[in-house]
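Respectively, the protein sequence lines represent chains A and B.
No gaps in the numbering here: position 350 of the first sequence is 506 in this note's numbering, and each next residue is one more.
No gaps in the numbering here: position 88 of the second sequence is 144 in this note's numbering, and each next residue is one more.
There's no promise every hint is true.
[What the hints assert, rightly or not] Residues from chain B shown here face chain A by an in silico Cβ test under 7 Å; the list is partial: (1) Ile-64; (2) Leu-82; (3) Lys-92; (4) Glu-136; (5) Pro-137.
Calculated directly from the structure, the hints in this document are not laboratory data.
Glycine included, every Cβ here is placed at the ideal spot set by N, Cα and C.
Given next are the chains, with one letter for each unit.
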Amino acid sequence: MSQQQGFVMGFVHRRRRGAELFLLVLALAVGVGAYAAVGIGVEGKVPADIVGYGSWLAALSVVGHVTVRLVAPYADPVLLPVVVALNGLGLAVIHRLDLAYEDAGRAAHTFARQQLTWMTLGVVLFVVTLVVLRDHRVLTRFTYTSGLAAILLLLLPMVPGVGKTINGAKIWIGVGPFSFQPGELAKVLLVVAFAGYLVLHRDALALAGRRVAGIDLPRGRDLGPILAMWLVSLGILIFQRDLGSSLLFFGLFLVMLYVATERAGWLVVGVLLFLAGAAGSYQFLGHVQNRVNIWLDPMGYYDKTPGSFQLVEGLFGMAWGGLIGRGFGGGSPDRVPYANSDFIISSIGEELGLTGVMAVVLCYGLIVERALRAALICRDGFGKLMATGLAAVLALQVFVVIGGVTKLIPLTGLTTPFLSYGGSSLVANWVIAALLLRISDQARRPVPDLSPVEDEQADEQATQVVRL
Amino acid sequence: MNKPIRTISLFCLLLFLALMVNATYLQYWKADSYDKNGLNRRVIEAAYSQQRGAILVDGEPVAESVESDDDYDFQRVYEEPFKYAHETGYFSFYDQTGIERSQNDVLSGDDDVLFVNKLVDLLSNKSGKGGNVVLTLDGKAQDAAYQGLDDLPGDVEASVVAIQPSTGKILAMASLPTFDPNKLASHDFSAVKEDYDRLQGAEDEPLLNRAIQTTLPPGSTFKLVTAAAALESGKYTADGDVPGGPSYQLPQTSGDTGLIDNEGRSCGTDKIPFEQALAQSCNTTFARLGVELGGDALKEQADKFGFDQRYLTDIGPQAVSTFPSDATEPEAGQSGIGQFDVRATPLQMAMVAAAIANQGKLMKPYLVDSIQSPELETLKQTEPEEIDEAVSPETADGLTQLMVATVEGTANGVPGTAGPAAIPGVTVAGKTGTAQSGNPDVPPYAWFVSFAPAQDPEVAVAVMIQKIDGVDRGEIAGGLLGGPIAKAVMEAVIK
């Protein structure tokens, strides 16, 4: 680590807040432009409330930007604009679907309006997170608290009276008229808990075990955490019937374990466990079997229940969109059930084409790789782990949901971060964005000069002692 | 921890690459097959909201899209639904058939020949209309064919095909029973479903285009092919004699099953003129010729006329007419009179007549004459195409002579079996056929093929009557039932 620190000390990151502002303007152009395009495409005129809508979106972006400028001036300049662009695009698509539902004679829909409210709450939490959390390492204090809270949140939907089953998955809780997916929040808490736990125990977990076929396998007694996580994932799968989250949590844990211990052996064990779990659940769980069968032969299940109507309609939509799409209002994305949540990418594929899908995937790629970059240059293990964990959560979630909708892998229900309609998901993802910005701010911030400058030798020694 | 983080970032890169490659595969390479999937309503819905091109016969639309004021912008209308149902096919929410299906790209405006029109529409911000498909059908010939079948007594299952011998243009194609494509194109989807289910379940299969989708034993009309093989072999001439006789026992057989007779027609005792043999449709002669020439020679001749091939590309699916391979001697004898495993569609038999009429040259039959832009400007014209030389011009002349004798009954003063097709003032060439179905409970099939004028043929016709309820079994004969219809169709073209 000394080399890296020397490198960091020799190189001072620029703040690049101006770049962020410029990119934000572009991101706003995406969001507001898409909203105008929806109006023109569907109703033939620019929406009457474009000024109010645009101003609100701009105000939220400015609030975010100013907060970053004030409390995290060295934070990565790319993350916030990409998030705003995705969120803005998502809003436009949801609005387009609202109009389609009204057009089809169904009751007026206000998903876009609600999503805007959720986005506002998301930005508020983004600001609160950045302002309250001046140093992410504070979170190490909450390692076990976060873990416990995460598990409680995950169990909550199974408490009678509180939990709600929506579309066959018991992952919701209902409080009055509101429903909330606690798994989304648990995701963030789990990253904090894992990072805290692993940074403490990484040495023990990294101890050499047996070497089998050139791979260092961990000792049996160290398998505890991974087995526990495996069981929790299986529990989510079996009791909550939530394929996506199960995959997500296990994958997340595996990635963090691997990064903490630097041992590929964990990956081998993890993948074996995953395969065992997958094979077992395919054998014994009807809904898993069903998903796999549909994946293998979607056309054969088109008019069955449970069937592949949603998947196939999504595929038809994306194929219909082709390379450049039908344009907003030109397709019929509302044919796909839940087009505004799990299947929002198929709506984008239909009306914005492959071009739009590529742009969205690239945006996610940017977020993930910028987050991993923050992890690379971060100076403390906890920050590295947390940034990697958050990046992995996003990457896995995007892969699982977009891969599922485009028939790359069997379909599992998850939201598309920042795009999909859904309050819990949007708010949680804005918090993730805040955490990533906080870590990157810490990583890019110049190291306070604590050593006497005169002596070159002493300078190098100082890097050994100073821990930041 | 940086090394594993780098590995993870590489891993994430792979995940995203996989998503992008898969999306490209889905939206570029696979898109076309998803668009064409029968379950895909999007494409149909889009088709409903766009003005589809017309299908034209003699410059008049037999199918066109008119503006509609319900959920969809346009309604497909078939002007003379029953008469043209099997050619136009139907354009329904669930699927399409006939020209509506095979020319869908043109009618919907997606075809490359319409690219410039599409570009102009795009630039002038008009919603594009599809191209028109002009059929080769001759309205009067089609009327005659359809009316002829429809006037037969009782419920019939029958079909007529007429071809222009020199080009292969299909001038008439009628099939009964028929259906109303308007009902299937309706925007009342539950009614459509109901009607479709009824048509699907109907015992007499009204959706079937019997002209190209039903193969039956061609019976005596196949004797034209046998005669062609005999003349081509060089052993016989149209003016010469062929073996005759009241009955013929097929080789390697004994008893009634292998005994061929002439059902009382005059076929001499030993040698008779070829003209008499065809005019009287002598089974003994042609069974003998079949045995003598052999199964391979017959098959070769049949294939030159188009058997065992798919030549029709404009509408489908086309049933393939077959002649059995490796026929034994008795099988060759049976095949020589169009029985055993010989199967032909009416279109195939019309092609046999057309090839004879066209000096032996077999032309590829086609139904789409040209493709027009929405402004009626011709964008693509179908060129006639020769499939094969079925017989030499000399053989064709000989066959024509024999077929004329069959209509005019010149030999021995006995009227020929094809007499009912005679047109005053025009020389007609024809051949009848009555084929046993092989099942004693099923009445025989009546066939008739002909062309006219014999010297300079303008039209070749095949009539096939698969089932007719209003006629006694004994009276089912090709000449009696099919002759007048063929005559009407030929007259419609010539006059």
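Problem set entry | Hints not upheld, ascending by number | 3, 4, 5
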